[in-house]
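> Chains as they are written, first to last, in our numbering: chain U, 1 to 98; chain H, 1 to 188.
Calculated from the structure, these hints are not laboratory results.
Built from N, CA and C at the ideal position, the CB exists for glycine as well.
Take these hints with a grain of salt, some might be off.
[Stated by the list, open to error] Stretches of chain U that chain H covers, calculated by requiring three or more beta carbons in the stretch to come under 8 angstroms of a beta carbon on chain H:
#1 38-49
#2 58-67
#3 70-81
[Stated by the list, open to error] Okay, derived cross-link-like pairs now, DSS-like style, lysine-lysine, Cα gap no bigger than 27 angstroms in a straight line:
#4 H:K100 to U:K3
#5 H:K128 to U:K3
#6 H:K49 to U:K3
#7 H:K49 to H:K138
#8 U:K90 to U:K3
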Amino acid sequence: MLKIHCPYCDEQREEEEFSYSGEAHISRPLDPGALSDADWADYLFFRKNTRGWHHEMWQHSAGCRRYFNVTRHTVTYEIFESYPMGTTPKALPKGDAR
Amino acid sequence: MSNILVETPLHHMADAFMTLSGGGINIHEADMVSHLNLRGCASDSSFMKAAQKTLGFALPVVPNSFSGHDESAAYWLGPDEWLITTNDIAVEDALRVALKGHFAVTNITGGQTIISLRGGASLEILQKSSIYDFHPSKFKVGNCVQTTFAKAGALVVKKADGSFNLIIRRSFADYIGRWLLDAAREYS
Ligand SMILES: [Zn+2]
Numbered sequence: 001m002l003k004i005h006c007p008y009c010d011e012q013r014e015e016e017e018f019s020y021s022g023e024a025h026i027s028r029p030l031d032p033g034a035l036s037d038a039d040w041a042d043y044l045f046f047r048k049n050t051r052g053w054h055h056e057m058w059q060h061s062a063g064c065r066r067y068f069n070v071t072r073h074t075v076t077y078e079i080f081e082s083y084p085m086g087t088t089p090k091a092l093p094k095g096d097a098r
Numbered sequence: 001m002s003n004i005l006v007e008t009p010l011h012h013m014a015d016a017f018m019t020l021s022g023g024g025i026n027i028h029e030a031d032m033v034s035h036l037n038l039r040g041c042a043s044d045s046s047f048m049k050a051a052q053k054t055l056g057f058a059l060p061v062v063p064n065s066f067s068g069h070d071e072s073a074a075y076w077l078g079p080d081e082w083l084i085t086t087n088d089i090a091v092e093d094a095l096r097v098a099l100k101g102h103f104a105v106t107n108i109t110g111g112q113t114i115i116s117l118r119g120g121a122s123l124e125i126l127q128k129s130s131i132y133d134f135h136p137s138k139f140k141v142g143n144c145v146q147t148t149f150a151k152a153g154a155l156v157v158k159k160a161d162g163s164f165n166l167i168i169r170r171s172f173a174d175y176i177g178r179w180l181l182d183a184a185r186e187y188s
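Go ahead and model the full structure; you've got the sequences and the hints to work with.
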């Protein structure tokens, strides 16, 4: 069970209150019509599937219902930080998770 | 024309709640009040001032807190979202008149109901039904929290007299009512 800090409620809450929403910081192409099918498919479906530190979106679905970002290690599950939408993450921790 | 009978979502459980009450726990469903969802920008001072003037108290901006009194209250739901409960049905129109610009007032009265939990056992009932930490050192008078109660969504409120209110969805009311009857049995 993860304990996740919601930057809006400003509290650590149980994972049960949250839903996972995939990789963060993927921006929608400004002119989708100009994209090739391959590029559009890449935007829609393909993710990095990182092993290690990962920026990802979570929604506080049973709480304030806001989306926010979390930096989490996909092997150890350690959470480095959570930060609101529209803000930039801190520099990644050096090396592997503790 | 005959009068329309107003029934709260848990009117059929009132007797069961009554039978159970006494001893460590007192459960009852609150009388019907208006529930309004209010959206607006907390950093917009004209919005905040107009809301305060209409309600008679300021909207809470501290997460997980509420303001107001027994007749009317505003609960923090998010950085730009509040729940207002009031027994004055004129508040909805008054807000629409007073607020300007980018805002939304939505009447959700038909979708929610309020259950009051009183007595020494109410804390234990909350603790065994929810994943949130309701210990009095953390969850104090003036706090409210949106979390899960028996896996259903609930807004839990700690009132000035130490009792708790559960503000829940109408569609989950029967389920939560039955859960409470079962959870409270050992204390009655
Ligand atoms: Zn939250």
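> Each of the hints needs a verdict: does it hold here or not?
Structure-based check of each hint:
Counting residues of the region 38-49 of chain U whose C-beta lies closer than 8 angstroms to any C-beta of chain H gives 0; at least three are required, and the coverage claim is violated. Counting residues of the region 58-67 of chain U whose C-beta sits closer than 8 angstroms to any C-beta of chain H gives 5, which meets the bar of three, so the coverage hint holds. Closer than 8 angstroms: that is the beta-carbon criterion, and the region 70-81 of chain U has 0 residues meeting it against chain H, so the requirement of 3 is violated. Restraint check for H:K100 and U:K3: the C-alpha separation of about 40 angstroms exceeds 27 angstroms, so the hint is violated.
For the hint pairing H:K128 with U:K3, the CA-to-CA distance comes to about 19 angstroms; that is within 27 angstroms, so the pair holds. Between H:K49 and U:K3, the direct Cα distance comes to roughly 37 angstroms. Violation of the 27 angstroms bound is thereby established for this hinted pair. Restraint check for H:K49 and H:K138: the C-alpha separation of about 30 angstroms exceeds 27 angstroms, so the hint is violated. For the hint linking U:K90 to U:K3, the alpha-carbon distance of about 20 angstroms falls within 27 angstroms, and the restraint holds.
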